[in-house]
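Colleague: Read off the chains here:
Protein chains: 2
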Amino acid sequence: MLTKKLNDLSSFNALCSMPLDFSGLYNATDDSHRVTAGGNLEFHWATAGIGNEHIDHFASIVDDMRVREKFADMCNGERINIGEQRSVLHHLLRAQSAPNASLSPVWKRFRVENVRACELAEELWQEKRFDAVVHIGIGGSALGPELVMEALSYLPQRYIVRVVSNVDPQALISAMKGLNPERTLFLVVSKSGTTQETNANLQSLNIDSKKQVIAITTPKSSLDRPDDFLSVLYMEESIGGRYSISSPIGACIISLVYGAEQFFAFLRGMERSDVLCHGENITENAALLDAVLGVYYRNAREYPAIAVISYVHVLQRLSAYLQQLDMESNGKQSDVTGELVDYATGPIVFGEPGTDAQHSFFQFLHQGTITVPLQFVGMRNPLDSSEDSQRKQSLLNANLAAQMVALARGQENQNPNKRFLGGRPSTLLLADSLSAEVMGSIIAHFENKIMFQGFLWNINSFDQEGVQLGKRLTNQILHDPRSDLVLYNMARRIGLV
Amino acid sequence: MLTKKLNDLSSFNALCSMPLDFSGLYNATDDSHRVTAGGNLEFHWATAGIGNEHIDHFASIVDDMRVREKFADMCNGERINIGEQRSVLHHLLRAQSAPNASLSPVWKRFRVENVRACELAEELWQEKRFDAVVHIGIGGSALGPELVMEALSYLPQRYIVRVVSNVDPQALISAMKGLNPERTLFLVVSKSGTTQETNANLQSLNIDSKKQVIAITTPKSSLDRPDDFLSVLYMEESIGGRYSISSPIGACIISLVYGAEQFFAFLRGMERSDVLCHGENITENAALLDAVLGVYYRNAREYPAIAVISYVHVLQRLSAYLQQLDMESNGKQSDVTGELVDYATGPIVFGEPGTDAQHSFFQFLHQGTITVPLQFVGMRNPLDSSEDSQRKQSLLNANLAAQMVALARGQENQNPNKRFLGGRPSTLLLADSLSAEVMGSIIAHFENKIMFQGFLWNINSFDQEGVQLGKRLTNQILHDPRSDLVLYNMARRIGLV
Numbered sequence: 001m002l003t004k005k006l007n008d009l010s011s012f013n014a015l016c017s018m019p020l021d022f023s024g025l026y027n028a029t030d031d032s033h034r035v036t037a038g039g040n041l042e043f044h045w046a047t048a049g050i051g052n053e054h055i056d057h058f059a060s061i062v063d064d065m066r067v068r069e070k071f072a073d074m075c076n077g078e079r080i081n082i083g084e085q086r087s088v089l090h091h092l093l094r095a096q097s098a099p100n101a102s103l104s105p106v107w108k109r110f111r112v113e114n115v116r117a118c119e120l121a122e123e124l125w126q127e128k129r130f131d132a133v134v135h136i137g138i139g140g141s142a143l144g145p146e147l148v149m150e151a152l153s154y155l156p157q158r159y160i161v162r163v164v165s166n167v168d169p170q171a172l173i174s175a176m177k178g179l180n181p182e183r184t185l186f187l188v189v190s191k192s193g194t195t196q197e198t199n200a201n202l203q204s205l206n207i208d209s210k211k212q213v214i215a216i217t218t219p220k221s222s223l224d225r226p227d228d229f230l231s232v233l234y235m236e237e238s239i240g241g242r243y244s245i246s247s248p249i250g251a252c253i254i255s256l257v258y259g260a261e262q263f264f265a266f267l268r269g270m271e272r273s274d275v276l277c278h279g280e281n282i283t284e285n286a287a288l289l290d291a292v293l294g295v296y297y298r299n300a301r302e303y304p305a306i307a308v309i310s311y312v313h314v315l316q317r318l319s320a321y322l323q324q325l326d327m328e329s330n331g332k333q334s335d336v337t338g339e340l341v342d343y344a345t346g347p348i349v350f351g352e353p354g355t356d357a358q359h360s361f362f363q364f365l366h367q368g369t370i371t372v373p374l375q376f377v378g379m380r381n382p383l384d385s386s387e388d389s390q391r392k393q394s395l396l397n398a399n400l401a402a403q404m405v406a407l408a409r410g411q412e413n414q415n416p417n418k419r420f421l422g423g424r425p426s427t428l429l430l431a432d433s434l435s436a437e438v439m440g441s442i443i444a445h446f447e448n449k450i451m452f453q454g455f456l457w458n459i460n461s462f463d464q465e466g467v468q469l470g471k472r473l474t475n476q477i478l479h480d481p482r483s484d485l486v487l488y489n490m491a492r493r494i495g496l497v
Numbered sequence: 001m002l003t004k005k006l007n008d009l010s011s012f013n014a015l016c017s018m019p020l021d022f023s024g025l026y027n028a029t030d031d032s033h034r035v036t037a038g039g040n041l042e043f044h045w046a047t048a049g050i051g052n053e054h055i056d057h058f059a060s061i062v063d064d065m066r067v068r069e070k071f072a073d074m075c076n077g078e079r080i081n082i083g084e085q086r087s088v089l090h091h092l093l094r095a096q097s098a099p100n101a102s103l104s105p106v107w108k109r110f111r112v113e114n115v116r117a118c119e120l121a122e123e124l125w126q127e128k129r130f131d132a133v134v135h136i137g138i139g140g141s142a143l144g145p146e147l148v149m150e151a152l153s154y155l156p157q158r159y160i161v162r163v164v165s166n167v168d169p170q171a172l173i174s175a176m177k178g179l180n181p182e183r184t185l186f187l188v189v190s191k192s193g194t195t196q197e198t199n200a201n202l203q204s205l206n207i208d209s210k211k212q213v214i215a216i217t218t219p220k221s222s223l224d225r226p227d228d229f230l231s232v233l234y235m236e237e238s239i240g241g242r243y244s245i246s247s248p249i250g251a252c253i254i255s256l257v258y259g260a261e262q263f264f265a266f267l268r269g270m271e272r273s274d275v276l277c278h279g280e281n282i283t284e285n286a287a288l289l290d291a292v293l294g295v296y297y298r299n300a301r302e303y304p305a306i307a308v309i310s311y312v313h314v315l316q317r318l319s320a321y322l323q324q325l326d327m328e329s330n331g332k333q334s335d336v337t338g339e340l341v342d343y344a345t346g347p348i349v350f351g352e353p354g355t356d357a358q359h360s361f362f363q364f365l366h367q368g369t370i371t372v373p374l375q376f377v378g379m380r381n382p383l384d385s386s387e388d389s390q391r392k393q394s395l396l397n398a399n400l401a402a403q404m405v406a407l408a409r410g411q412e413n414q415n416p417n418k419r420f421l422g423g424r425p426s427t428l429l430l431a432d433s434l435s436a437e438v439m440g441s442i443i444a445h446f447e448n449k450i451m452f453q454g455f456l457w458n459i460n461s462f463d464q465e466g467v468q469l470g471k472r473l474t475n476q477i478l479h480d481p482r483s484d485l486v487l488y489n490m491a492r493r494i495g496l497v
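Sequence lines, in order, name chains A and B.
Heads up: the first sequence at position 369 corresponds to 369 in this note's numbering, and the numbers run straight through without jumps.
Heads up: the second sequence at position 491 corresponds to 491 in this note's numbering, and the numbers run straight through without jumps.
Just chain A, same shape as in the assembly (with noise of 0.2 Å):
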């Protein structure tokens, strides 16, 4: 059955007619607009600006846009990634078992690499060989790593740790200040092999590979030299970079500096997220009603971004991550019959954590002349118990909850500089408190909202095609700049010629 177009939608085309409807927040309480995104993580859409009506197209949508039949068919191992002829398995590396029969050896296989990533971490450690661990790779190979390092910086950490993804040599010079390098040990990491950032950082060290290089890749990639290495991690062509986190690569940096059980929680906090997407009822389906709710926001009311602002400190660079897993997976011109769109697909994402965005650019998301849906994050408690972290944590806490209130409802006043127009949704994702579990569930979360929205906008959200002409004219500077002039006269320009 062909999968019907977005704009062609009767419950698509009721919903573009139906403007956001914040009556419900008079009648929320405390309980009510609130469902499950895993574990102990809460997702709340009470001030989101939607009501039953909405809710009852959404289901529509979803049916139309046969959004659970494409979801079966990734977890049954189908090559959804159509462009690079893939399967897309991310879901298996936490999975408590294969969802077939034909996925089990692949699953065997993810968690006999992971396992052997957290042993190796684990044994490094009990070698005390090393006092710093340098990661070195870039996109989908650093994002996660550096998110999940700062987000769980209140635990111990057994090693220093940077993360160095830029080919700007003071990239690694900056990492590098402070550590004795014969003490450190590296993770080289690319899916590829190729990347030209991580090997020319892998080039600068000056070390003995075989002593303190762990590299992280696929098999038979230009890594895969077992020999010139302390060791070689795997991962496989169906894990994606930006959904890489859950692979050897998010298991070897977490069990290092925080040890394998805290990798595990993490896991088992993503395998409690992923395991609602199955619900059927989309409001017990945290993941797919803030898909289509976010695609009611782009496509219906034209909102062109969304913003994250996470009022937890330690996850100061969520926002970097949904940017890259948001933005590189659904920025997308063409669906997945090869067509060009005729409508919107994902949104601009950034962000900055609370209270610090509030100083910095919520003067426009109040009073701008874009609405901006917002995407919170919340934990009820701080991470130590102090009583000044107290007074602190309700501080911060009241300014979220202020926010939230104050973007929906507004505020008239006479003078049109001073007044609120409101009608700015937003939802929230909320704890008790960060853990490496609840830090599993909110990515996994996110994981899964924008797989929806490739599904619902009928788009490969798993291949990234749109870097290769960048990649491919950068070679041409540096091999063969003068084969094209404006190429060359650009290079002349910069200096490089």
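Do not take every clue at face value.
One copy or two, either will do: identical chains are not told apart, so a pair holds if it fits within one copy or between any two.
As the list claims (entries may be wrong) - The calculated SDA-like cross-link candidates involving lysine to any residue, where the alpha carbons are at most 20 Å apart (straight line), are:
hint, residue 1, residue 2
1, Lys210, Asp480
2, Lys471, Arg391
3, Lys4, Ser60
4, Lys177, Tyr159
5, Lys177, Ala132
Simulated from the structure, these hints should not be mistaken for lab results.
All values derive from a computational prediction rather than experimental measurement.
Fit chain B to the known structure of chain A by using the hints.
Modeller: Below, chain B alone, put in the same frame as chain A:
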């Protein structure tokens, strides 16, 4: 004479029917389409998608919107921040002399206070009482220091330096890791003296304020207590928080960590950009050209956002800095006459450094369904001259040149998923290498661009009424939560009551 409305201008309406024009790119040499943006900083627009006809209309819009007259009013000390009835005098902080006699006393006070900040820093350095400096402020009192501390981190640092902004208890706890509180100097920065986050963090410190806290505030604020602190440094109401990096806020932290001469070099760089703002010819006035170009993108082409991509790793916080500067200044709904505007004002601003961003959201920039103009920043040379750094800088800059061409020109392909539609405009700020002076010019260029855009949109870029409602509701939750049922239920939801 009344300012006309943007939408009513014939030049603006002409631009609305003029698409982007990249034909100039094919005739561009490395010397064309470039102008100084202050000292050695250059503004390049070969890939901006505009031709001579666009520029003629730009010049008309500048005339019609009385941009030069408004700028002259600002320079002359008129109270152009009408909502708060204040002059806007940050240019005076770095001027060689006052523009008129009536401003001369202010100019002298500013100079005296900046010099006092620098002398205090140098004295403390001689005394060797401290090992670390912790700068506590939020928004404009934090983003500038954070940016410049990292930008100059290739220089020797006199102290370990940390910037704390968030009221989340973990922010201060993280910042204090590894520091000896007794050997730490604290800068506590709040223009009003009443910033809740900054006061909460000050309250958390268990130290001898008289010996180790410098307060930076306005005269008579609640922080203006010279007997309670090591010293109090003053700024004035005419300096907006987000325009305060050239005030004692910047003077103190830059001089402490890098020495007073670096602060003066930074100011000199700003002044070299500022003087260009008086240029009559729009193609010789980089900030004005950049400003009108942005209005063309935002209003005529209806692009909702801009991306700031710095191919300079140590400028990784430039996008967050400009996000505040731009979105808080120009995210406005009403014009200076007190009417709600019926045209778009400032854009969404986001970014991450290149090449990192190429592996994150560049998929979206190349193939997403929204066009996002880019502001690139680059340096011809690395910060050290090793062969390894030269090699990596070439790779970095080849990527920069390749992206500018790829985004503008695109590439045909039979397969829509591999097709690059092109037509994505960008500009470039480029210098030979980074220094305090170049850093000053970069910041001043953007300050001035945003100022000119405020004049073009006929809005007040210097207030921020949009942050007030959240503040009021926060206090209501903290002090009288039961007075408002919606607020109360939200506070319960988050576990506050």
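Colleague: Please go over all the hints and tell whether each is borne out by the structure.
Modeller: Outcome of the hint check:
1. Lys210 with Asp480: neither (35 Å within a copy, 64 Å between copies)
2. Lys471 with Arg391: between (50 Å within a copy, 17 Å between copies)
3. Lys4 with Ser60: within (12 Å within a copy, 48 Å between copies)
4. Lys177 with Tyr159: both (15 Å within a copy, 14 Å between copies)
5. Lys177 with Ala132: Result: close both inside a copy and across copies, 11 Å intra and 16 Å inter.
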